[in-house]
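I would like the entire structure built from these sequences, with the hints used as guidance.
In order, the protein sequence lines correspond to chains H and X.
According to this note's numbering, the first sequence holds residues 809 to 1127 in order.
According to this note's numbering, the second sequence holds residues 421 to 675 in order.
Don't read these hints as lab results, they were simulated from the structure.
Beta carbons are placed, not taken as given, at the ideal position from N, Cα and C, and that holds for glycine.
Please note that the accuracy of each hint is not assured.
Sample of chain H residues facing chain X (criterion: CB under 8 Å; computed from the structure) [unchecked claim]: (1) Phe903; (2) Ile906; (3) Asp923; (4) Gln926.
The calculated DSBU-like cross-link candidates involving lysine-lysine, where the alpha carbons are at most 30 Å apart (straight line), are [stated by the list, open to error]: (5) Lys856/H x Lys870/H; (6) Lys853/H x Lys1098/H; (7) Lys521/X x Lys853/H; (8) Lys599/X x Lys853/H; (9) Lys464/X x Lys848/H; (10) Lys937/H x Lys521/X; (11) Lys599/X x Lys930/H.
Computed beta-carbon distance windows for the label pairs [as the list claims (entries may be wrong)]: (12) Asn509/X x Asn835/H: 53 to 61 Å; (13) Lys1034/H x Ile541/X: 52 to 60 Å; (14) Leu647/X x Gly867/H: 53 to 61 Å; (15) Ile541/X x Leu1018/H: 25 to 33 Å; (16) Leu664/X x Leu1018/H: 44 to 52 Å; (17) Arg507/X x Lys842/H: 27 to 35 Å; (18) Ser894/H x Asn619/X: 50 to 58 Å; (19) Asn835/H x Leu647/X: 37 to 45 Å.
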Amino acid sequence: MIIVVRHATFNFQLLQNNQMPIIETQNLHFGFTKNELVLKDINLKIEKGTIYGFLGPNGAGKTTTIRLLLGLLIPSSGNIQLFDKSLATDSLKIFQNIGAMIETPSLYEHLTGFDNLQITRKLKNISNKRIDQVLEIVKLTDASKTRVKAYSLGMKQRLGLALSLLSEPELLILDEPTNGLDPQGMIETRELLFKLNKDFGTTILISSHLLSEIEKIVTHLGIIKKGKMIFQGTIAELHNLQLEHSLIQLETSNNEKAYSLLNNNYKASYNNEGIQVIFESREQVSHICKTLIYAGLDIYHFNVASNNLEDIFLTITKN
Amino acid sequence: MSAITRAFSTETIKSKNTFALWLTFIGAAIIPLTLVITYIYNWKLFVPEPGQNPWEEIFARSFNGITLFTPLFIILIIGLLFNIENRANAWKHIFVLPISKSSFYLSKYLFLFWLLLIYYILFVSLTWAVGLFLGAYKKELNFLNSAPEWGEILTYLTKFIIGTLAIIAIHFWLSFRIKNLIANLGIGLTGIAFAILLNGKGGYTIYFPYSFPIKMLNYKPNPTYFLEDYHIISLFYFIIFSCLSYLDFTKRFKG
Chain H
809 MIIVVRHATF NFQLLQNNQM PIIETQNLHF GFTKNELVLK DINLKIEKGT
859 IYGFLGPNGA GKTTTIRLLL GLLIPSSGNI QLFDKSLATD SLKIFQNIGA
909 MIETPSLYEH LTGFDNLQIT RKLKNISNKR IDQVLEIVKL TDASKTRVKA
959 YSLGMKQRLG LALSLLSEPE LLILDEPTNG LDPQGMIETR ELLFKLNKDF
1009 GTTILISSHL LSEIEKIVTH LGIIKKGKMI FQGTIAELHN LQLEHSLIQL
1059 ETSNNEKAYS LLNNNYKASY NNEGIQVIFE SREQVSHICK TLIYAGLDIY
1109 HFNVASNNLE DIFLTITKN
Chain X
421 MSAITRAFST ETIKSKNTFA LWLTFIGAAI IPLTLVITYI YNWKLFVPEP
471 GQNPWEEIFA RSFNGITLFT PLFIILIIGL LFNIENRANA WKHIFVLPIS
521 KSSFYLSKYL FLFWLLLIYY ILFVSLTWAV GLFLGAYKKE LNFLNSAPEW
571 GEILTYLTKF IIGTLAIIAI HFWLSFRIKN LIANLGIGLT GIAFAILLNG
621 KGGYTIYFPY SFPIKMLNYK PNPTYFLEDY HIISLFYFII FSCLSYLDFT
671 KRFKG
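Take a look at the structure:
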């Protein structure tokens, strides 16, 4: 499949919504050393009730951003607000409403799954019966009395998820939660997150380096590359971007004539390799084809290149 | 329940099935068990002179044993306690829970002292039990017709614990800053080796924290002062290093 992005400028499409954002960062910069910034001017805005997919290739700055959002790193400059409170001054209040899992889950492997949950339960000061509920949610009830070191990778991920769900948080922050899971595990995790969002209104920030992994459940997307946000908006806005970049490449017996015919109704360009025409629907593809045939032109090459979301994501992050 | 109490109770859960917990029990039993063997094989050497209290001898030997063993035990137990968090990669989880870093720091410190208290109580109880056992085994040892001087034992232990406080504070700090358990042990062992080489003696050893416990080998109490110079310096180090590590943990440490 040919991937051609016509316009390499991706406007920051900040969410236009009157709701108070649950997460908001302003001009966030961070560097592990003074001279080298790994995050530049990150302006995240995540609304209540959304599932926000935070995408980027490995090393783009996803985990660093998440660590900053959780106070595990201190920003070089900029503001972080969660639940309309400053992270710098109200972290304990903020953490009451957050469940988080960063990279691999933090588990005491010499203890049972139940003991691991018990530790977090006590530290969060919540009811004992909640342990049974989260074990049920992540389907680990039968393995709760087994030591974690005997768990499979998928079970550990699910236990990590259970830890983050203990306090029935308003906001879940999950850094690549499906890492290392088999396809079935991935599907189950996605279903669980979707259910949490649908049934309990939990806002979810989920990071991944694969769009295909999360595109089915996210409502909003943020794409980061080399420490900079390069897209932020709804899935619909990304779809619009997709349409912008669907085109036909063609070659005829008279390219000049074909170009002048098509350029009246479509965005078309013409060079040595042939003609490129942007289209927005299947009907337009048919119309382009008919126009050329009725004009008596021979068509030597006709290639419909329709970028899917994954292609768009790859193109954005590559270029 | 206060945050510290809750955090303390989680420390007890975390210590389940750990070497740290077993070490506390085994460490407390090592010296008394060694004494059983020593006394049984050489019992004639330990028959007391008329009017002599055999408990003085057995406790003096027992205390000399822990004088050498306890610093190593302390370094190992602190390293193991923090290793529980390091191995689980738990800091990033703990620091996003609604519990203050100071509560967590204090609960960890309290749990360490709780383990040390268990260690000392077990050690004294086992030494006493060994004496009773030896008394029953050989009446000539005269353990059953006399009693330990509990006041002196308590005084010695108090001074000894004060002497170890500096090492506790220093290694408590090192153990969350240096994640490698072996590196922590290496630093501790080097310190102890120096202290043993110096035999706890010499002009500057009163400033060298690892030599404070060693100085209590064959300890004879000072008739004038309750605490020796090095006890006071140990207390001073404990306060300074504890404050510094507290500030480091609560303000700068990110796991």
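Discussion item. Under the constraints set out in the numbered hints, which ones does this structure not fulfil?
Written reply: Checked against the structure, the hints that fail are numbers 6, 8, 9, 12, 15, 19, while the rest are satisfied.
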